[in-house]
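Number of protein chains: 2
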Amino acid sequence: MASNDFDSPRLLYLDDFKVGAVFISDTLSISKEQIIEFARQFDPQPFHTDEQAAQETFFKGLAASGWHTASLTMSLLVRSGFPCAGALVGLGADVKWPIPTRPGDTLHVETEVLEIKALRSKPDSGIITLRSCTINQNKEAVQIMVTKVLIPKRA
Amino acid sequence: MASNDFDSPRLLYLDDFKVGAVFISDTLSISKEQIIEFARQFDPQPFHTDEQAAQETFFKGLAASGWHTASLTMSLLVRSGFPCAGALVGLGADVKWPIPTRPGDTLHVETEVLEIKALRSKPDSGIITLRSCTINQNKEAVQIMVTKVLIPKRA
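Just so you know, the sequences run in chain order A and B.
Per the numbering used here, the very first residue in the first sequence carries number 1; after that it's consecutive.
Per the numbering used here, the very first residue in the second sequence carries number 1; after that it's consecutive.
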């Protein structure tokens, strides 16, 4: 696991971020029941909802919906206290799922600051670009997400 | 609302898709309670979980998590029967949230085929690029998503 450049609990403003800094989240584990419950609500396809039927599909076994992996990633970022002043509000996200999340996986998120940009149109804030990799217990990335987040400048 | 080019219930293969064809989903409505329940689980920030506190934030009122809007979009596509042979499996997604989903919103999804591409590496399938706009009762897009989906060719 990479080392955490965000070990202080204080909230960071645009001025405080540095390109290349890395934030490491806590971990969480995901059960078969949680995968099925999320999928029944939001992505009811057999490889997400039915352990037996999933064996015969592309996924060769039960797999979490990509939107479940994305939602768990957000949960890990918010609960671990990613230290944005203001809020963690994404303007958009580019998400890739190289492999699925499986029942019993333990995930954490490693987030790196890729870019920091002041806004001419909003002199009191700016945008940071973050790459968040969601990583399982085998050190495989189940999700790679690039987001742009609006952050206030220090007053 | 745009007209639906996918009114046949048969499953479509790569060969059947046409650039520019549009699929219109069913609609669903989202309640305050559902917004709060999703956010408590996956995105527990005050503007998603607390109606009073949300008034004082950037959002000026309760707003659904972007990941909730994305998950509802997937639900609308799957339940309305987006007619992919095989499955609706995204390799990745580029998501933007121009405005938030609000309590009481009624959403539907309009999906247009942007590109169809055979795969040299996988002669039995190809990739279609879809743009799915999630639209509220005021005809405003709450989400614009571009996805790449793997689709089998007709045998």
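Simulated from the structure, these hints should not be mistaken for laboratory data.
Any given hint could turn out to be false.
Claimed, not checked - Which residues of chain A face chain B? A few of them, derived with a C-beta cut under 7 Å, are:
1. VAL78
2. SER80
3. ILE128
Stated by the list, open to error - Only part of the chain B face toward chain A is listed, based on derived beta-carbon distances under 7 Å:
4. ILE30
5. PHE42
6. SER71
7. MET74
Beta carbons: idealized from backbone N, C-alpha and C, even for Gly.
Taking the earlier hints as the rules, which of them does this structure contradict? The structure conflicts with hints 2, 3 and 4, although it agrees with all the remaining ones.
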